[in-house]
Amino acid sequence: MSPTAEDPVLAVQDLRVTLPSRQGRLAVVDGVSLELRAGEILGLVGESGCGKSMTGAALLGIAPGPSGQVSSTAMRLGDLDLAQLDERGWRRIRGSRISMVFQEPQTALDPVFSVGNQLQEVIRRHRQFNRRQARTAAADMLASVGFADCARVMRCYPHELSGGIRQRILIAMAMVCHPQVLVADEPTTALDVTTQAQILHLLRDLARRSGTAVLLITHDLAIVEAICDRAMVMYCGRISEEGPTRALMQYPRHPYTAGLLAAMPRLSPGQVEPVKGIPGSVPAPGQRPPGCSFSKRCERADDLCRSQVPVLHGADPAMPAAVHRHACHHPLVHPIGSVTA
Amino acid sequence: MPGFEPTHRVWQKLRANRAGLAGFALVSLYGLIALSVALGWAGQEWSLVSGERWESASSEHWFGTNQLGQDIFQRAIYSVRIAFEIGLLVALTSTLLGSVCGAISGWCADTWADDGVVFITGVLDSIPFYLFAAAVAFAFQASAWAMQIAMVATFWTTTSRLVRAEVMRLKNRDFVQSALAIGLPPHLVLLRHVLPNTGHILLAQAAMVFVAAIKTEVILSFLGLGVQDGVSWGLMLAESTQEVLVSQFNNHLAAAIPLLLLLLGFNLMIDALQDALDPRQGSA
Ligand SMILES: Nc1ncnc2c1ncn2[C@@H]1O[C@H](COP(=O)(O)OP(=O)(O)O)[C@@H](O)[C@H]1O
Ligand code: SF4
Ligand SMILES: [Mg+2]
Numbered sequence: 294m295s296p297t298a299e300d301p302v303l304a305v306q307d308l309r310v311t312l313p314s315r316q317g318r319l320a321v322v323d324g325v326s327l328e329l330r331a332g333e334i335l336g337l338v339g340e341s342g343c344g345k346s347m348t349g350a351a352l353l354g355i356a357p358g359p360s361g362q363v364s365s366t367a368m369r370l371g372d373l374d375l376a377q378l379d380e381r382g383w384r385r386i387r388g389s390r391i392s393m394v395f396q397e398p399q400t401a402l403d404p405v406f407s408v409g410n411q412l413q414e415v416i417r418r419h420r421q422f423n424r425r426q427a428r429t430a431a432a433d434m435l436a437s438v439g440f441a442d443c444a445r446v447m448r449c450y451p452h453e454l455s456g457g458i459r460q461r462i463l464i465a466m467a468m469v470c471h472p473q474v475l476v477a478d479e480p481t482t483a484l485d486v487t488t489q490a491q492i493l494h495l496l497r498d499l500a501r502r503s504g505t506a507v508l509l510i511t512h513d514l515a516i517v518e519a520i521c522d523r524a525m526v527m528y529c530g531r532i533s534e535e536g537p538t539r540a541l542m543q544y545p546r547h548p549y550t551a552g553l554l555a556a557m558p559r560l561s562p563g564q565v566e567p568v569k570g571i572p573g574s575v576p577a578p579g580q581r582p583p584g585c586s587f588s589k590r591c592e593r594a595d596d597l598c599r600s601q602v603p604v605l606h607g608a609d610p611a612m613p614a615a616v617h618r619h620a621c622h623h624p625l626v627h628p629i630g631s632v633t634a
Numbered sequence: 040m041p042g043f044e045p046t047h048r049v050w051q052k053l054r055a056n057r058a059g060l061a062g063f064a065l066v067s068l069y070g071l072i073a074l075s076v077a078l079g080w081a082g083q084e085w086s087l088v089s090g091e092r093w094e095s096a097s098s099e100h101w102f103g104t105n106q107l108g109q110d111i112f113q114r115a116i117y118s119v120r121i122a123f124e125i126g127l128l129v130a131l132t133s134t135l136l137g138s139v140c141g142a143i144s145g146w147c148a149d150t151w152a153d154d155g156v157v158f159i160t161g162v163l164d165s166i167p168f169y170l171f172a173a174a175v176a177f178a179f180q181a182s183a184w185a186m187q188i189a190m191v192a193t194f195w196t197t198t199s200r201l202v203r204a205e206v207m208r209l210k211n212r213d214f215v216q217s218a219l220a221i222g223l224p225p226h227l228v229l230l231r232h233v234l235p236n237t238g239h240i241l242l243a244q245a246a247m248v249f250v251a252a253i254k255t256e257v258i259l260s261f262l263g264l265g266v267q268d269g270v271s272w273g274l275m276l277a278e279s280t281q282e283v284l285v286s287q288f289n290n291h292l293a294a295a296i297p298l299l300l301l302l303l304g305f306n307l308m309i310d311a312l313q314d315a316l317d318p319r320q321g322s323a
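Residue numbers (the numbering used here), protein chains in the order written: chain A, 294 to 634; chain B, 40 to 323.
These aren't lab readings, by the way, just hints derived from the structure by calculation.
Any given hint could turn out to be false.
Residues of chain B placed beyond 12 Å of chain A at every Cβ, according to the derived structure [stated by the list, open to error]: (1) L209; (2) P224; (3) N306.
On the chain A side, residues computed to face chain B include the following (Cβ under 8 Å) [said to hold, decoys possible]: (4) I355; (5) P357; (6) Q362; (7) D372; (8) D374; (9) R385; (10) R387; (11) S392; (12) T400.
The beta-carbon is built from N, C-alpha and C at its ideal position, and this holds for glycine as well.
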């Protein structure tokens with residue numbers, strides 16, 4: 294069977310990240326499955342503390358600390374079985390076939406080395422390039438993330454550059470080996486609004502041009518709406534709803550998604566009501582209620598919710614199961630006919 | 040070293056600091072003296088009896104002569120070399136030991152390796168220094184290195200503790216996570232990205248150990264636990280305790296004044312270095 298455009302570049306089944314605690318091992322990521330296709334941008338949204346960053350790092354085989362553990366029932370990158378990789382194998386993949394951009398451009402670059410130095414380090418780690426070839430590749434990459442004077446940028450040290458420029462450089466570092474998958478963990482959270490938009494456009498542009506699949510981690514649904522093709526909503530280490538961005542945002546089925554949407558500040562003309570947040574906060578990994586972990590904050594919760602974990606499925610007959618799915622015993626219903634696939 | 044801040048910024052900051060520059064000039068002067076003694080250009084006649092007992096200063100004996108008729112100037116100059124030799128050796132060795140142990144201990148915090156390093160530094164720090172130095176000097180009496188061993192064993196712990204704290208702070212920074220995320224193995228991340236970021240601590244700490252070693256050498260030599268064959272300011276001071284009783288101050292002053300000036304120069308230089316090299320002050 295030859296690969297087609299529909300085959301996912303990254304397919305992960307039942308991803309778990311566990312940490313030791315007094316009550317035994319706690320799952321901070323608890324059975325997440327996801328598929329990414331070439332050139333696609335998938336948003337991973339949720340409040341802070343939901344386990345989004347842990348999920349992102351787990352995709353690079355990075356566990357939280359020496360006592361953290363990552364496991365999955367299946368994990369494939371193209372034709373490569375990631376589940377079989379040992380640590381050395383992972384190191385060959387990281388930065389070349391799957392790479393990552395972090396939240397804080399202020400601290401994500403090493404303050405004591407120049408930009409060119411750090412870019413070339415990535416290249417020379419993964420390619421058999423000599424110094425000159427590495428320089429050229431670094432300059433080319435800087436040009437494709439929008440720098441005009443690449444030679445000058447390469448000589449700069451991080452503290453000489455603004456947050457937006459640093460984030461561009463970090464994206465260049467992540468993309469320089471043409472990875473199949475890019476995990477971007479809140480890449481614009483630390484930036485001002487104008488710069489945010491530029492960075493998001495750059496990510497979208499790179500994904501389309503190079504065919505790299507992007508997992509965009511964010512707590513901001515507005516960012517998902519702006520550039521993601523699909524979105525997954527995460528709560529307490531589990532996926533509560535996933536689907537095409539438009540369907541998910543117009544017709545949310547899960548009360549948590551609806552709550553996030555209601556909490557989203559909108560600049561639409563019709564808006565008069567103040568933004569209302571979801572009551573309560575994300576429980577710490579050790580304090581999650583049995584059954585649906587959202588039950589303490591959910592208006593629709595009943596005894597079934599408090600005793601049985603809802604599984605992710607697409608029960609809606611109007612919606613193909615694989616497209617828009619939710620994990621809720623009592624999902625929101627939308628007027629018949631309003632739902633279009 | 041590639042690991043420091045852009046050099047021109049360090050120079051800018053250093054140049055703006057007058058006192059620091061004066062200190063740097065003073066230390067360089069001593070460095071030149073030490074070098075010319077080591078190369079055999081000066082101070083070679085420190086042990087030669089070249090005059091009468093207690094001659095006063097003259098064009099032949101610039102600082103006069105001591106009880107044995109040796110030239111005090113030659114002895115004071117030669118002592119600079121001894122001081123620098125000991126200072127450099129002790130500073131380099133304890134910085135190396137301290138940075139390696141501190142880095143490993145900070146990187147592997149809360150593992151047996153860290154526990155081991157913390158335990159050893161704790162034990163060494165709890166022993167009063169001069170008692171410890173005396174014990175080591177006594178135990179290794181046969182060896183010319185007794186004093187140096189005692190100093191390294193004591194001084195590396197501070198470097199180690201500082202580096203440990205800094206590494207623990209740095210390892211949660213995103214650039215360390217980034218370095219792991221580009222596929223670098225942990226030991227290379229530590230070596231290439233974490234340790235260079237402790238450069239300002241290492242350099243300032245090495246300078247401080249250098250000074251401490253020189254001071255300690257003088258004290259130990261004065262007590263007869265230090266320099267065995269050779270001359271040092273400490274030995275000169277020990278000799279001069281007899282001489283000041285009969286109002287002969289040349290030997291005493293020729294050891295005390297250069298020592299004080301060197302310590303002054305070093306302290307000024309270290310302050311300036313600490314200000315100029317801290318990468319946190321240059322950023323954002
Ligand atoms: N080193 C750690 N030890 C124990 N728990 C942790 C650690 N780091 C994070 N956590 C917990 O794991 C959960 C998921 O964290 P994270 O993935 O960073 O969330 P998000 O990125 O969605 O904000 C949080 O509830 C947090 O409290
Ligand atoms: S399963 Fe129950 S508690 Fe959980 S979100 Fe759905 S209605 Fe609310
Ligand atoms: Mg996060």
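Verification of the hints:
| no. | hint | verdict |
| --- | --- | --- |
| 1 | L209 | violated, 10 Å |
| 2 | P224 | violated, 6 Å |
| 3 | N306 | holds, 26 Å |
| 4 | I355 | holds, 6 Å |
| 5 | P357 | violated, 11 Å |
| 6 | Q362 | violated, 17 Å |
| 7 | D372 | violated, 20 Å |
| 8 | D374 | violated, 18 Å |
| 9 | R385 | holds, 6 Å |
| 10 | R387 | holds, 4 Å |
| 11 | S392 | holds, 7 Å |
| 12 | T400 | holds, 5 Å |
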